[in-house]
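**Q** Each chain, written out:
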Amino acid sequence: MTTTPSFLEVKDVRKAYGAIKAVDGVSFSVGPGEIVGVIGPNGSGKTTLFNSILGQIKPTSGGVEFCGEDITGMSPLELARRGVGRTFQTLQVFTHLSVRDNLIAAAQEFKSTMPARLFAAPDAGLGHHADEMIEMFRLKHVAHLKAGTLSYGQQKLIDIAMAFMPAPRLVLLDEPCAGVNPSLVDQLRELLCELNRTQGGSFVVIEHNMDFIMKLCPHVICMVEGKVLAEGPPAEVQANRHVLEAYLGN
Amino acid sequence: MNAKTGKLALVVGIAAFAILPLFLKGYGVYLCALFCVYLMATLGLNLTVGYAGQMSLGQAAFFGIGAYHAAILLKLGWPFFLVLPIAAVACFLVGLLLGFPALRVQHHYLAFATLGFNILVFLIMRNEATITGGPLGISGIPRPSLFGISLDADLRYFWFTLFFTVVLAAILWWLLRSPWGRAFAALRDNPIRAESLGINITAYTLFAFAIGAACAGVAGVFYASLLQFIEPSSFQFSYSLMMLLAVIVGGSGRFFGPVLGTVIIVLLPEWLRFMQNWYLAVFGFAIVALMIFLPGGLLSLPERLGWKGASK
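Chains as they are written, first to last, in our numbering: chain A, 3 to 252; chain B, 789 to 1100.
A portion of the hints provided could be inaccurate.
What the hints assert, rightly or not - Listed next, the in silico DSSO-like pairs over lysine-lysine satisfying Cα-Cα at most 30 Å (straight line): (1) A/229 with A/13; (2) A/60 with A/113; (3) A/23 with A/229; (4) A/60 with A/23; (5) A/113 with A/142; (6) B/863 with B/795; (7) A/142 with B/813; (8) A/217 with A/229; (9) B/863 with A/142; (10) B/792 with A/148; (11) A/13 with A/23; (12) B/795 with A/148.
In short, the hints are calculated from the structure, not lab data.
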């Protein structure tokens, strides 16, 4: 359990679909700047938990606090305004916009008011920052191409870069390594470490790639059948007998 | 084509179109002005449908609201340059009012909601005879004067309409290049992701819908003055369909798509008239063939052929 003051507090969250308990009384907390990994077999309720935290679905019971404020059931728009960002399990980029425009679109709403944006510069004053992120994510050679024309791996990088573009205080990443080749996985981990260092935000990461999660997250939660089976430092969770039986195998 | 060449081509194209009616007879001049009028409405519809991704089958209703505003107020002696913003604002507000309930649904459900609105407006125009003149419509709508110069002559009125079409297009171009344009495209491409990035999809969708409606209102004002007579059948649902066709045939979500599309819907039926009874069948067949082979519209042809620097 984290010893730093609580930043995100998930309290006994439950989500049921009829008799099926997708999330069954999950509680955990995340401190400022902390990176927490969430692992577990398919169907263990990880994404449902994310969606419950992020307002995509309303939890059946329980609550979520962010910086001391109850954010349970808040819309994704309200959460975004509070500095909570996310990525999705599947690719979610703006396919008809260029890579650069994708990044600017990801942050422009946090610059000034809606009427003021009408009269703002076309890049909303974010061109330089977008170029920095493009450089950081090694997307310079495709910066002016439409996102939908790029490879899966490149779109994945755009997807993640977009989440970090507004420098959120908390980011929830849903399987950032899914469908990504091994060399890109290492690059992704380095990028997330650098963003954690430079932006100082907290991350919660769902991932099946154990090597990635073990190297990135100082604190790991393992979910099985909607419940927290084990949590603690990665080596401890990896060695847990119940985790081995239910998820990792021998 | 680089940006400089593109701008030059645009200026040359507009200049050529401006002098074209000098070589045409009365009906040709009328068709050129009618093209400008419909272009204003389809440019607005392209914003709603092509850029913001909201299906609308009610553009002719806003076109009609603008036209009836103009007909009634101009006949009361109100100045054209006061009537124009009144009609635009009225359509903008009606667009917002319609948008609040209608935009809760998407795609074909939204299409049906806007279709219903168009039918409702048509019925009001036809049945509220004390205000709208009913099926007989309103005649004797005056044309404006500019700095004391009467625009009664068709050629002058065409230039007047062309000027405002270019102004409206420039405003829309500026809007689409602003951060608002990017937000419209974002909510069209992926509304769930857009909302998670703080984009207020309800507000942007409403504004895209209302701005598109305002453009149709402006077009309606010019239409009323062009024909000097309006009646409800000019604002039926079939005209909404025709405007949507212009946007899709030209290239939905491409700025110059409606220009080509409006040429097709306004001028192609005229060019095909020599076929007499067959012209509508040939027109319909041409549209079907176009949609099969170029679903992205005429402006997608360079991309389809793999040309570099394909037009946007």
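**Q** Does each hint hold? Answer for all of them.
**A** To see whether the hints hold, each was checked on the structure:
1. A/229 with A/13: holds (13 Å)
2. A/60 with A/113: holds (29 Å)
3. A/23 with A/229: holds (9 Å)
4. A/60 with A/23: holds (14 Å)
5. A/113 with A/142: holds (24 Å)
6. B/863 with B/795: Violated, because 40 Å separates the two Cα atoms, which is more than 30 Å.
7. A/142 with B/813: Violated. Residue 142 of chain A to residue 813 of chain B sits at ~55 Å, over the 30 Å cutoff.
8. A/217 with A/229: Status holds; Cα separation ~24 Å.
9. B/863 with A/142: Given that 30 Å is the threshold and the Cα spacing comes to 60 Å, the pair is violated.
10. B/792 with A/148: holds (22 Å)
11. A/13 with A/23: holds (16 Å)
12. B/795 with A/148: The given pair, whose Cα atoms are some 23 Å apart, holds under the 30 Å limit.
Consistency note: the structure conflicts with the earlier hints numbered 6, 7, 9.
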